[in-house]
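K.L.:
Add chain B to chain A, keeping to what the hints say.
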Amino acid sequence: MELISPTDLAKERVLTVQDYFLFSLQTVANLFRKPLYFADMIQQADTIGVGSLPIVVLTGFFTGAVLALQASNTLERFGSITLVGQLVSTSMVRELGPVLTSLMVAGRNSSGMASELGSMVVTEQIDAMRALGTDPMKKLVTPRMVATVFMLFFLAIISDLVGLVGGLAIAKLLLRLDARQYWANAWESLVFQDVFMGLIKPVIFGFIIATIGCFYGMNARGGTQGVGRATTQAMVAASVLILAMDLIVTRFLMATLSYR
Amino acid sequence: MSAPTVPLDSATAPTNDISAPVIVFEDVVMSFGDNEVLRGVSFHLPRGETKAVFGVAGSGKSLILKLALGLIRPDSGRIVVLGEDVTQMPEEQLFALRGKIGMVFQESALFDSLTVRENVAYRLMEEHGVYDEDIDRRVREALRFVELEHTLDLNPSELSGGMRRRVAIARAIITQPELLLYDSPTGGLDPVTSNTIIELIVKQRDVNKTSALLVTHRLQDAFTMATHQFDKQTNRMIALPPGQHCDVPMSFLVLRDGKVIFDGDLHNLAQSQDEYIQEYIS
Numbered sequence: 000m001e002l003i004s005p006t007d008l009a010k011e012r013v014l015t016v017q018d019y020f021l022f023s024l025q026t027v028a029n030l031f032r033k034p035l036y037f038a039d040m041i042q043q044a045d046t047i048g049v050g051s052l053p054i055v056v057l058t059g060f061f062t063g064a065v066l067a068l069q070a071s072n073t074l075e076r077f078g079s080i081t082l083v084g085q086l087v088s089t090s091m092v093r094e095l096g097p098v099l100t101s102l103m104v105a106g107r108n109s110s111g112m113a114s115e116l117g118s119m120v121v122t123e124q125i126d127a128m129r130a131l132g133t134d135p136m137k138k139l140v141t142p143r144m145v146a147t148v149f150m151l152f153f154l155a156i157i158s159d160l161v162g163l164v165g166g167l168a169i170a171k172l173l174l175r176l177d178a179r180q181y182w183a184n185a186w187e188s189l190v191f192q193d194v195f196m197g198l199i200k201p202v203i204f205g206f207i208i209a210t211i212g213c214f215y216g217m218n219a220r221g222g223t224q225g226v227g228r229a230t231t232q233a234m235v236a237a238s239v240l241i242l243a244m245d246l247i248v249t250r251f252l253m254a255t256l257s258y259r
Numbered sequence: 000m001s002a003p004t005v006p007l008d009s010a011t012a013p014t015n016d017i018s019a020p021v022i023v024f025e026d027v028v029m030s031f032g033d034n035e036v037l038r039g040v041s042f043h044l045p046r047g048e049t050k051a052v053f054g055v056a057g058s059g060k061s062l063i064l065k066l067a068l069g070l071i072r073p074d075s076g077r078i079v080v081l082g083e084d085v086t087q088m089p090e091e092q093l094f095a096l097r098g099k100i101g102m103v104f105q106e107s108a109l110f111d112s113l114t115v116r117e118n119v120a121y122r123l124m125e126e127h128g129v130y131d132e133d134i135d136r137r138v139r140e141a142l143r144f145v146e147l148e149h150t151l152d153l154n155p156s157e158l159s160g161g162m163r164r165r166v167a168i169a170r171a172i173i174t175q176p177e178l179l180l181y182d183s184p185t186g187g188l189d190p191v192t193s194n195t196i197i198e199l200i201v202k203q204r205d206v207n208k209t210s211a212l213l214v215t216h217r218l219q220d221a222f223t224m225a226t227h228q229f230d231k232q233t234n235r236m237i238a239l240p241p242g243q244h245c246d247v248p249m250s251f252l253v254l255r256d257g258k259v260i261f262d263g264d265l266h267n268l269a270q271s272q273d274e275y276i277q278e279y280i281s
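From first to last, the protein sequence lines are chains A and B.
When the first sequence is numbered by numbering that gives the first Met the number 0, its final residue is 259 and no position is left out of the sequence of numbers.
When the second sequence is numbered by numbering that gives the first Met the number 0, its final residue is 281 and no position is left out of the sequence of numbers.
These aren't lab readings, by the way, just hints derived from the structure by calculation.
Here a beta-carbon is modelled for each residue, glycine too, at the ideal position from N, C-alpha and C.
Each hint should be verified, as a subset may be incorrect.
[To be verified] With a straight-line Cα cutoff of 20 Å, these simulated EDC-like cross-link-like pairs (lysine to aspartate or glutamate) come out: (1) A:K33 x B:E90; (2) B:K258 x B:D33; (3) B:K258 x B:E91; (4) A:K138 x B:D33; (5) B:K99 x A:D134; (6) B:K258 x B:D246; (7) A:K33 x B:E126; (8) B:K99 x B:D205; (9) A:K138 x B:E91; (10) A:K138 x B:E90; (11) B:K99 x A:D126; (12) A:K33 x B:E91; (13) A:K138 x B:E117; (14) A:K33 x B:E125.
[Unchecked claim] To give an idea of the interface, some chain B residues facing chain A are shown, with a C-beta separation under 10 Å as derived from the structure: (15) E90; (16) L93; (17) L96; (18) G98; (19) F104; (20) D111; (21) T114; (22) A167; (23) R170.
The following block holds chain A by itself, in its conformation from the complex (with noise of 0.2 Å):
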């Protein structure tokens, strides 16, 4: 195996870095620029949305579930198992939701884009496209770019929403507490600051996931191997910056939204 200069590998980086900015600030300048593929938009919030759903579901359910459950051990001992419901919507709302979703969203389809353009790539189906008259950041990565934020947003919601359940059905059959109780403590302890930052944060998400995963599927080289590890790659990639700018996020908005 041949070794790389420190040197050489930060250049690479460097440079990757600024490939990725350059192919994400592309893709939201195509939005202002015909053709706009809307029927591949669709193709493609079906496939990432709905087909995502099962998942986010579940995740969603048994976050809210073992989050009651351990909430419930600590508030015991301090008299205020009640608040279990408060605990798990603001937990949920603010940062499980967003982040596992996007998560799971980004394990799924992130991955999935890139090995999708990789192929495309590696068989000269982009060149055919361009030979074609179609710009393929047009036809294949905007498209994904806006399905993918689209859909998460909503996909967030549910999630938060089944996790919410989740704490409940933990609740009321193991912790023998009143549901009403519960969903009026989870309601009333959600503010504005909770709920913008429960929203705004899987838009940036999607964001990340779909770039990420077409970057990466972009620029796949070297046959069915070089797919392989772009797919590895856009994965793990795109879990460590919904990680990485779910901390930035969450800073930047607890300062600006005056948070109590």
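P.N.:
Quick look at chain B alone, frame taken from chain A:
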């Protein structure tokens, strides 16, 4: 034999000028890292002619097609295609130019998520404003040309290698382009299927008078093209007597070490004293 040079001013004349060459390469240099693949390649393709490009693997034959299509930009030199300098054009303008060019890729490059009908109709569907009935009629016409009308609703994965190449030809010719680029259209095919593909290329050349650049490593295919003509009466390719070979609009280009070492017709190729060419054609 060196390649004849064509003044670029005449090459960049309007595309309706029938005397202007359809492709002009002028001192084109292209490298990948330290590997200089093309070292000052110059040639031109007159309108209505088919030029076969030869060379060993890695000599840059397929690269010439991608450069002509503007899919890759050269390091230096100029490439004029249908009167437009593709080395200077932004990608947006290249899409319009590519509408006048058909390309058949080495491994067909059919879209595997689309049916044969959708693959062949792709360019028409992208154009918008073309009615479904018109698309259907033209798809059937193109598939009839390659004798694959019955494959309309099949997926590319259900076709054999030879059938995929023929569908790729149908996709390339559906808009009756002014220029066709073939990248090893018979590569990896059995002799019978290869002959079918060559017959289709000759048919396109002689019936529609389309200019073409054909990359191949199969000398016998290019010799067949240079010695045969398509007969519309019998709908078959027929061999011409030796005296009439010069009537066939066919020429040869041989690449070696990134340079053009031969550019001429069949007669010149057979008479060439160059040792490499003699060894190549033997």
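K.L.:
Give a verdict on every hint.
P.N.:
Results of checking the hints against the structure:
Restraint check for K33 of chain A and E90 of chain B: the C-alpha separation of about 14 Å stays at or below 20 Å, so the hint holds. Between K258 of chain B and D33 of chain B, the direct Cα distance comes to roughly 17 Å. Compliance with the 20 Å bound is thereby established for this hinted pair. Straight-line distance between C-alpha atoms of K258 of chain B and E91 of chain B comes to about 31 Å, which puts the hinted pair past the 20 Å bound. For a cut-off of 20 Å, the pair hint linking K138 of chain A to D33 of chain B is broken: about 34 Å separates their Cα positions.
Annotation: proposed proximity of K99 of chain B to D134 of chain A holds, straight-line Cα distance about 16 Å (limit 20 Å). Our distance criterion of 20 Å between C-alpha atoms is broken by K258 of chain B and D246 of chain B, whose separation comes to about 28 Å. At most 20 Å may separate the alpha-carbon atoms for a hinted pair to count; K33 of chain A and E126 of chain B meet this at roughly 12 Å. Distance hint between K99 of chain B and D205 of chain B is fulfilled; the C-alpha atoms sit about 19 Å from each other, no more than 20 Å.
Between K138 of chain A and E91 of chain B the CA atoms are separated by roughly 14 Å; this keeps the pair inside 20 Å, and the hint holds. A threshold of 20 Å between alpha carbons decides the hint, and for K138 of chain A with E90 of chain B the separation of about 15 Å falls inside it, so the pair holds. The hinted pair formed by K99 of chain B and D126 of chain A meets the criterion: a straight-line CA distance of about 16 Å does not exceed 20 Å. Between the alpha carbons of K33 of chain A and E91 of chain B the distance comes to roughly 11 Å, so the proposed pair stays at or under 20 Å and holds.
Taking the CA atoms of K138 of chain A and E117 of chain B, the gap is near 15 Å; set against the 20 Å cutoff, the hint holds. Our distance criterion of 20 Å between C-alpha atoms is met by K33 of chain A and E125 of chain B, whose separation comes to about 12 Å. This hint holds: E90 of chain B has a C-beta 7 Å from the nearest C-beta of chain A, less than the 10 Å allowed. Residue-level restraint check for L93 of chain B holds (minimum Cβ-Cβ distance to chain A is 8 Å; threshold 10 Å).
Using the Cβ-Cβ criterion of 10 Å, the hint placing L96 of chain B at the interface with chain A is satisfied: the shortest such distance is roughly 9 Å. Evaluation of the G98 of chain B hint against chain A yields a held restraint, the C-beta minimum of about 5 Å falling below 10 Å. Because the closest C-beta pair between F104 of chain B and chain A is about 5 Å apart, less than 10 Å, the hint holds. At about 7 Å, the closest approach between the beta carbon of D111 of chain B and any beta carbon in chain A falls short of 10 Å, and the interface hint on this residue holds.
The beta carbon of T114 of chain B comes no nearer than 15 Å to any beta carbon in chain A, farther than 10 Å, and the hint placing it at the interface is violated. Evaluation of the A167 of chain B hint against chain A yields a held restraint, the C-beta minimum of about 8 Å falling below 10 Å. Interface restraint check for R170 of chain B: the shortest CB-CB distance to chain A comes to about 8 Å, inside 10 Å, so the restraint holds.
Checked against the numbered hints given earlier, this structure breaks hints 3, 4, 6 and 21; the rest are met.
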